[in-house]
Each structure stands twice: as structure tokens, then as C-alpha cells.
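**Student:** The lines below spell out each chain.
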Amino acid sequence: MEINKTIRYEHELDSDFPSWVSSAPGGEYLWQCIQCGTCSGSCPLSIYMDYTPRRIIAMSRAGFKEDVLKSTTIWLCASCYACTVQCPQEIQLTDLMYLFKQRAIKEGKYPKRFPIPILSKEFFNMVWKRGRTTESFLVAKMFLKTNPLKLFNMTSLGLKLLRYGRMTLGLEAMKNKKELRTILKASKEES
Amino acid sequence: MKAYTYYPGCSIKGTGKGYEESLLAVFNEFEMPLIELEDWNCCGATNFMNIDEITAFTLSARNLVLAKKEERDLSVPCSACFLNLKKAGDYIEKYPEIGQKVKHALHAGGLDYNGSPEIRHPLLIILEDIGEKGIKAKIKKSLRGLKAVPYYGCQIVRPYNEGFDTRYPDFFDEFLSYLGADVVDYPYKTRCCGGSLTGTLEEVGLRLNYLLLDEARKQGGDCIVTLCPLCHFNLECYQDKINKKYHSSLSVPVLYFSQILGIAMGIPASKLGLKRSLVNLKPMLSEA
Chain H
4 MEINKTIRYE HELDSDFPSW VSSAPGGEYL WQCIQCGTCS GSCPLSIYMD
54 YTPRRIIAMS RAGFKEDVLK STTIWLCASC YACTVQCPQE IQLTDLMYLF
104 KQRAIKEGKY PKRFPIPILS KEFFNMVWKR GRTTESFLVA KMFLKTNPLK
154 LFNMTSLGLK LLRYGRMTLG LEAMKNKKEL RTILKASKEE S
Chain U
24 MKAYTYYPGC SIKGTGKGYE ESLLAVFNEF EMPLIELEDW NCCGATNFMN
74 IDEITAFTLS ARNLVLAKKE ERDLSVPCSA CFLNLKKAGD YIEKYPEIGQ
124 KVKHALHAGG LDYNGSPEIR HPLLIILEDI GEKGIKAKIK KSLRGLKAVP
174 YYGCQIVRPY NEGFDTRYPD FFDEFLSYLG ADVVDYPYKT RCCGGSLTGT
224 LEEVGLRLNY LLLDEARKQG GDCIVTLCPL CHFNLECYQD KINKKYHSSL
274 SVPVLYFSQI LGIAMGIPAS KLGLKRSLVN LKPMLSEA
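Respectively, the protein sequence lines represent chains H and U.
Its first residue numbered 4, the first sequence is counted upward by one per residue in my numbering.
Its first residue numbered 24, the second sequence is counted upward by one per residue in my numbering.
Take the hints with a grain of salt, since some may be wrong.
Derived lysine-lysine pairs resembling DSS-like cross-links, with alpha carbons at most 25 Å apart [what the hints assert, rightly or not]:
1. Lys-91/U to Lys-178/H
2. Lys-188/H to Lys-126/U
3. Lys-144/H to Lys-264/U
4. Lys-163/H to Lys-109/H
5. Lys-124/H to Lys-73/H
6. Lys-25/U to Lys-163/U
7. Lys-298/U to Lys-170/U
8. Lys-115/H to Lys-144/H
9. Lys-163/H to Lys-267/U
10. Lys-188/H to Lys-267/U
11. Lys-132/H to Lys-40/U
12. Lys-159/U to Lys-170/U
13. Lys-178/H to Lys-92/U
14. Lys-294/U to Lys-148/H
15. Lys-178/H to Lys-191/H
16. Lys-40/U to Lys-163/H
17. Lys-159/U to Lys-163/H
18. Lys-188/H to Lys-294/U
19. Lys-163/H to Lys-305/U
20. Lys-36/U to Lys-144/H
21. Lys-264/U to Lys-163/H
22. Lys-305/U to Lys-163/U
It is worth saying that the hints were derived from the structure and are not from the lab.
Since we're looking at a predicted model, the values are computed, not measured.
Using the sequences and the hints given, assemble the complete structure.
**Tutor:** In C-alpha cells:
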């Protein structure tokens with residue numbers, strides 16, 4: 004019989020990962036998790052995830068860094084905070100999902116052409132340059148970088164929005180972009 | 024009467040235009056001016072936090088600095104903006120290491136952080152500052168007979184919930200009852216619409232919204248009423264795609280709370296952005 008399961012042995016785990024997670028804002032109570040599964044039960048997206056939120060917590064504590072960062076779970080989290088407000092141990096799961104997403108992007112550990120991190124990067128760049136976002140341009144940029152054919156899929160909705168005056172053909176921008184950029188740059192320095 | 028600083032957010036200037044139009048119209052009718060925050064910037068939505076925590080808080084905090092100077096409460100109609108602005112102020116206080124870095128960054132641009140102004144959703148402003156009596160006094164056309172489904176969405180009730188229930192709040196239900204509507208007790212009232220998933224992972228996003236729409240229909244709702252431009256966009260604008268995918272024939276009007284309030288107050292449809300609806304509102308309006 005073939006064993007069709009990924010096995011992780013201790014030497015493959017990252018022993019620094021759990022303490023990194025528990026020292027981040029929102030992760031203070033990581034070790035108080037009782038694995039009750041309230042987070043997974045309250046999550047409207049857990050059925051689409053490769054690991055449920057409860058399992059992500061268990062894996063983080065055990066040092067499954069690579070599996071956590073490469074999971075689809077962290078990208079499917081839509082930040083609805085249902086788990087966060089219901090966790091009996093006050094683990095800020097939504098914050099942890101953000102923490103994992105930040106690290107996965109920094110280390111380039113997300114599936115190629117996966118739209119969510121790409122949208123986030125495009126969003127970031129647009130705000131960095133203009134201080135505001137224009138939804139239509141953002142969506143177009145994301146599709147161009149992930150799946151250009153999908154743009155056609157959106158044309159009928161786009162045209163309707165245009166007709167009803169809900170889409171602009173120009174790009175939104177704030178005035179004092181220089182000030183914003185100085186501030187954002189400074190936020191990346193160590194104070 | 025009292026004036027408020029108004030932080031629109033990016034969505035309301037684009038796909039959510041009907042929200043802004045109706046919001047300004049009803050606040051005007053209550054003689055409570057909404058004064059747009061000068062040179063506001065994007066709140067970062069959920070995307071900035073995916074990239075960098077300090078940069079995300081700094082982005083939101085710039086708005087807090089600008090708004091604080093105005094010495095008025097800050098009215099924020101979008102749930103994502105509401106949460107981000109609230110959270111930035113909260114984490115700057117709660118985590119000194121975050122506060123220090125954010126303040127340092129703001130200082131580089133010549134801004135000093137002196138705490139957050141009071142951040143309030145416009146529906147809660149109307150409920151708290153006008154109140155039941157004041158709202159009822161302005162109703163010209165009761166919505167009796169209209170089965171309205173209150174959809175709260177997620178980020179406005181969690182985690183900064185101002186003392187109401189995070190799963191099954193009822194302030195919005197009560198508000199609709201003041202307008203005379205038959206309020207549907209909607210079991211999915213705070214179940215997430217998926218936010219930007221409709222655009223990124225369409226299959227998942229459509230399914231979430233199909234469930235919300237279908238349940239509203241099963242409960243006999245004539246319309247869904249929302250508090251957030253993104254919830255609104257998802258529920259309203261993807262109905263064609265949802266119908267194709269799930270072989271359904273949903274045609275559910277989706278209105279902003281300010282639109283339905285404006286209708287009840289007798290404000291003309293042209294001032295409420297009703298013509299911008301992608302779903303035909305006529306059958307619903309004849310119910311009201």
C-alpha cells in the first residue's frame with residue numbers, strides 16, 4: 004500500500020517560528036489555544052482552505068513555517084474577524100493571518116500568479132504613488148498580471164458601471180502626495 | 024446643529040457614488056453638515072496590511088492626524104475604512120512599539136499624532152444623535168409593507184462594536200423598523216460577503232454572495248439594505264454572474280441605509296442615487 008501523505012519530521016520544522024508568532028501583536032496568547040475549533044467553525048471560508056484556522060494555529064506552534072506560509076488559508080482569510088471576536092482565548096487570529104501574509108510576500112512564498120498577493124502589491128503601489136485607489140484600474144492591473152483573459156469576463160459589468168456613472172476613466176489622486184510618500188518611506192525605517 | 028468631518032474612502036467616490044449622494048442628502052435634511060476631510064488618503068483596505076503592518080497603520084494614522092485638527096467627530100461610511108481607522112488609533116495606543124514607529128513616520132512628514140478623533144459610522148450617528156423620535160419626525164412616507172433585509176456585514180460590528188453584539192446585533196433592524204418597514208430577521212446578517220474575493224477568487228466570492236442573496240429571498244425579502252460600499256457592490260453587481268453560475272433567477276434590489284432612509288423622508292430619487300442601481304428597483308418601490 005502506498006502512503007499518500009506528506010510527513011514532516013522534526014528536523015524539517017522551524018523552531019524559531021512559534022516564538023516569532025507569539026511575540027507579534029495579536030499572537031500573545033498563542034500558547035493558550037485549546038484547539039476548540041471555534042475559529043474554524045465561525046469562519047465562512049474555512050471550507051475552501053487547505054488547512055482550517057485551528058490547524059494553522061496548531062501548525063504554527065509546532066513550527067510548520069513553510070506549510071503555513073504556503074497555505075491558501077492565509078490568502079482566503081477575508082478579515083471578517085468572526086474568529087477573532089469568538090476565540091475564547093483571545094487569540095487575534097485575523098492579525099496572525101496578516102502576519103503570515105506579510106511574511107509570505109516578503110519571502111516570495113505564495114503560489115505564482117495567485118491573484119490576492121498580486122492585488123495587494125498593485126494596491127500598495129497605487130496608493131504609494133497617488134494616495135488613493137481607483138477600483139477599475141486596480142482590477143485591470145491585477146488581471147493583466149494574473150489572467151488577462153479574465154478581463155473580458157469583466158467587460159459587461161464594467162460597461163454597466165460606466166453607463167450608471169459608477170466608474171471613472173480617470174485616476175483618483177490626493178493633493179499632497181509628496182508628504183504621504185515621505186511618511187510612508189519613514190514608516191519603513193527602523194525608528 | 025452639529026457638523027461632522029466626513030471621510031469618504033475610495034469606493035464611495037467610484038462604484039459607491041449612490042451612497043455618497045444619498046448620505047449627503049439625508050444629513051443635509053437633518054441639518055447636520057458633513058464636511059469632507061481635506062486631502063484625505065486611502066485607508067489601505069485589507070491590502071496594505073498584507074504588505075507591512077507599520078506602513079498600513081501609518082497610512083491610516085495620517086487621516087487621524089488631519090481629522091483630529093478639525094475637532095469634530097469623524098463620520099466614516101465604509102466598514103473597511105471604519106475598521107482601519109479605528110484599529111490604527113487603537114494599536115498606536117495599545118502597542119507602544121507600534122505607536123512609536125508610526126509617530127516617527129508621521130513626524131518625518133511634519134505631522135504630529137495627538138490621538139484619534141471619535142470615529143463613527145453615519146448610521147450610528149443618526150441613531151445616537153437624532154434618535155428614534157427625531158428620525159420618526161422626519162418620515163413622510165412610511166415603508167409599511169416593504170420587507171427589508173438588514174445586512175450588517177462584518178467589519179462594522181467586529182471587533183470595534185461599541186457595545187452591541189458582534190454576531191447578532193439589532194441596531195440596524197431597529198433603525199429599519201423606525202421607517203415603518205417589515206424587518207426580516209436575517210440569519211446571515213453578519214456573515215462576511217468575502218470582500219475582494221469576488222474579484223480575486225471569483226468562484227469562492229460568488230458562492231458567498233449567492234448564499235446571502237438566496238437566503239434573503241427565502242426569507243421573503245423585497246430588498247437588502249447595506250452599510251458598506253463593498254458589501255453593496257458584491258451583493259448588487261454580481262447577480263448576473265451568480266444567476267448564470269447557480270441557474271438562479273435572483274433579482275434582489277440592494278440599497279444603502281441612506282437611500283432607504285431618504286425614500287422614507289420623501290427626498291426625490293434623483294438626489295439619492297437610485298438611478299445608479301443595476302437591479303430594477305421599480306417593483307420594490309411600489310411595495311414601499
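**Student:** What are the numbers of the hints the structure violates, in ascending order?
**Tutor:** Hints 4, 10, 14, 17 and 18 not satisfied by this model.
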